[in-house]
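Visitor: Please model the entire structure based on the sequences and the hints provided.
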Amino acid sequence: MIRINDVTKKFPTVTALQNISLTVADGEFFGLLGPNGAGKSTLMNLLIGYLDPDGGEITVGDDKVTRDNLEARKNIGLVPQSLALYDDISAQENLEIFGSFYHIEKRTLRHRIEERLRAVELYDRRKDRVSTFSGGMKRRLNLIASLLHDPSLLLCDEPTVGVDPQSRNAIFDYLEMLNCAGKTIVYTTHYMEEAERLCTRIAIIDSGTIITEGTLDDLLAKLSYEESISIIKNSSTIGKLELFRQFGTVIDDDDRFELKPNGTFRLSSFFKSVEEQGVSTRFIEMSKPTLEALFLNLTGRSLRD
Amino acid sequence: MKTVLALITKEYKLFLSDRVAMGLTFLIPIFLIAIWGSIFGSADSGPEHLGLAFLNASSAPIGRNIEKVLDTTRTFRLVKSYQDERGNQIPFDTVTIKDYVRKGNASAALVIPPDAYTDTSIGLKLKFYYDPKNEMEMRIIQGVLTQTIMSQLPGAFIEGMQRKAVRFLGLDSGTAFNTGIKSLVSRYFNIDTGKIVFPSLTDTTAASSRESKGGRDFFKNVLDFESEQLVGKNIANPMATRSVGGWAMMFLMFTLTASSVSLFEEKQSGVVLRILASPISRVQILWSKYLYNMSLGFVQLTVLFVFGSILFKIDVLSNLAGLILLLVAASMACTSFGMLLSAVSKTQSQARGLGTFLILAMSSIGGAWFPTSFMPGFIQAFSKLTLVYWSMDGFLQVLWRGAPVVDILPNLGVLVGIAAVITSVSVLQFKKGHVF
Ligand SMILES: Nc1ncnc2c1ncn2[C@@H]1O[C@H](COP(=O)(O)OP(=O)(O)OP(=O)(O)O)[C@@H](O)[C@H]1O
Ligand SMILES: [Mg+2]
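The listed protein sequences derive, respectively, from chains X and P.
Reading the first sequence from the start, the letters are residues 63 to 367 in our numbering.
Reading the second sequence from the start, the letters are residues -17 to 418 in our numbering.
Careful, some of the hints might be misleading.
What the hints assert, rightly or not - Derived DSS-like pairs: lysine-lysine, alpha-carbon spacing no greater than 30 Å straight-line:
(1) X:Lys200 - P:Lys271
(2) P:Lys249 - X:Lys245
(3) P:Lys366 - P:Lys80
Stated by the list, open to error - Partial list, derived from the structure: chain P residues whose beta carbon lies under 10 Å from chain X:
(4) Gly69
(5) Ser168
(6) Glu248
(7) Ser251
(8) Val254
Stated by the list, open to error - One side of the interface only, derived from the structure: several residues of chain P facing chain X at Cβ under 8 Å:
(9) Leu6
(10) Gly252
(11) Leu255
Since the hints were derived computationally from the structure, they do not count as laboratory data.
Being a predicted model, the structure only gives us computed values, none of them experimental.
We treat Cβ as the ideally placed atom computed from N, Cα and C, and that holds for glycine.
Guide: Below, the structure is given as structure tokens:
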């Protein structure tokens, strides 16, 4: 579906993307995970043809994507990161306007508008001005405004920022339903939970480069350990940094130490030593490794920075 | 208090962050004051080189004197011939000089007819044709003209008397008569004999500063100043008819500037991205904005003129075709102007600032506020570069002069030309992708 071949995009002061290559297959739910400023939105803008790359080439389906190729975007829906809505008119009117850009037959459009509004639970508020909506409601409207032409490729740029957990789940369900119905989805986020939950394949992007990509299992397998250990920072643990370092690399992360176990690590001997030093095991948590840990491992930084 | 101070600091920080917008805030008043200063600044000198059609058909010396004085006053620039279709300069005659004014090439004409002054007459006969398309200008022209001619009368009058005396009485007695006249005038006007100097024919300019006020009133009776309004005689509301064009243009430019900068809001909210994500090109967005703004401008102007015709009896119907064409051309030009603003500005406040600056500048030098003829020559050259000048002139032609469409073709052409040029510049600028 999507082929990104050695794409570079430069802005006057920064290189937003550096020699990116990616492919997304038909029907995939592809996650683009990365921290702020990683280049996610820039990549989305290139995929829709809003920007032209400075180097490399992007094709969607059979069409080469450029600023001037209108054909390529007919079948793509972009959910912009910003709330791209007209505040002073109603939700319904917004959808009618954005739908009109695709020459959809009137009845079909009306039908789709109703269906999408119901799907994100905005049907009752359809006659209200968008300026009276809450942040989360605007997000949901922002999402469906990109779905009116029933695109086979959907590009979602952080579509759930500021949405409460319940509505977020509703959005997830909706997107998964669309994916099941055969739509290809590219989903950017800096929440690893979202990527883990939704995406069949994930690329981690940082500072304009793809640092790794694969299925969730592929990615987690890249971690050399099976357990992730975090030690809560408090008076009894802070002084024991040297002790923890004997078992692996320690990363100082806000309120806790993250321990990346080394090759010879044994859980039993770790707990034994720790108890001997008078650290309560209550302060030690073990979990399955996550993308968060992988990001930490690859970049030495936390995803949330 | 501290809070208010913090808020004020915030305002200044934001203001200072946009250098261009800030600069314009100061540049606008400075520039406009400079323009007004150059127009009204040297109050005693007044406007310069107002075109005045002039024909001297009289052989009397006073005719030449008046011509000479008018030629040397800074207020007027005498036009004594016109250009025919083949580009030849043809001297005026009594018919063509009226046409010249009627067509709007000059606001006024002064004709010294063949019988302006004869040996047997005491009075001076003059003809004045005028087109009060601009009241301010007409007042100045009439004022200065009257003053100049009056200044010539005492000399002419006395010279005539002298000549008659010499002819009737012979040289000796004539001289005696002259001396007698001197004391007579002195007694009559209650002036010191020494102060009465008979003006010589070669010293005409000096005469004007020397003549006395009392003398002027007296000689007024002697002057037969026949004036005829050539244009706009039957217009119900001259004031409104003359000024409606200038007002219309200003409103139009403000509306279209405001409307054009809406692009910045759309860009900021991301709507532009959403629109461009659909199969719509930048050029299509631009043209749709252009056509929308143009129609908006056209409707606004139409409403303005409809109300003008109801409230102020401005006659819009007699020349409807010309007026409509002009409205379309003016809307086109103003729309391009708005587009240019949003194409060259980086922020909305820059576009607004630049817009205000250009609107006020163009209105003032384009003649919406005071006649361009009052402005120094180099500013007048700029006047003709403004769309305000050409549209106002067009409205004047259509509403005031009742000119047929053919006569406003140059105006339409220039306006459409301006629109084409600045639209191309804007489109190029937009293509570079600075705006979206
Ligand atoms: N129009 C622009 N002009 C200049 N620099 C830009 C522009 N757009 C993006 N950048 C820069 O490109 C880099 C990548 O930005 P981008 O918006 O793609 O990041 P992102 O991954 O979407 O971040 P976020 O999660 O915060 O949305 C950043 O350093 C940003 O400052
Ligand atoms: Mg982004």
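Visitor: Check the structure against each numbered hint from earlier and tell me which ones fail, lowest number first.
Guide: 4, 5, 9
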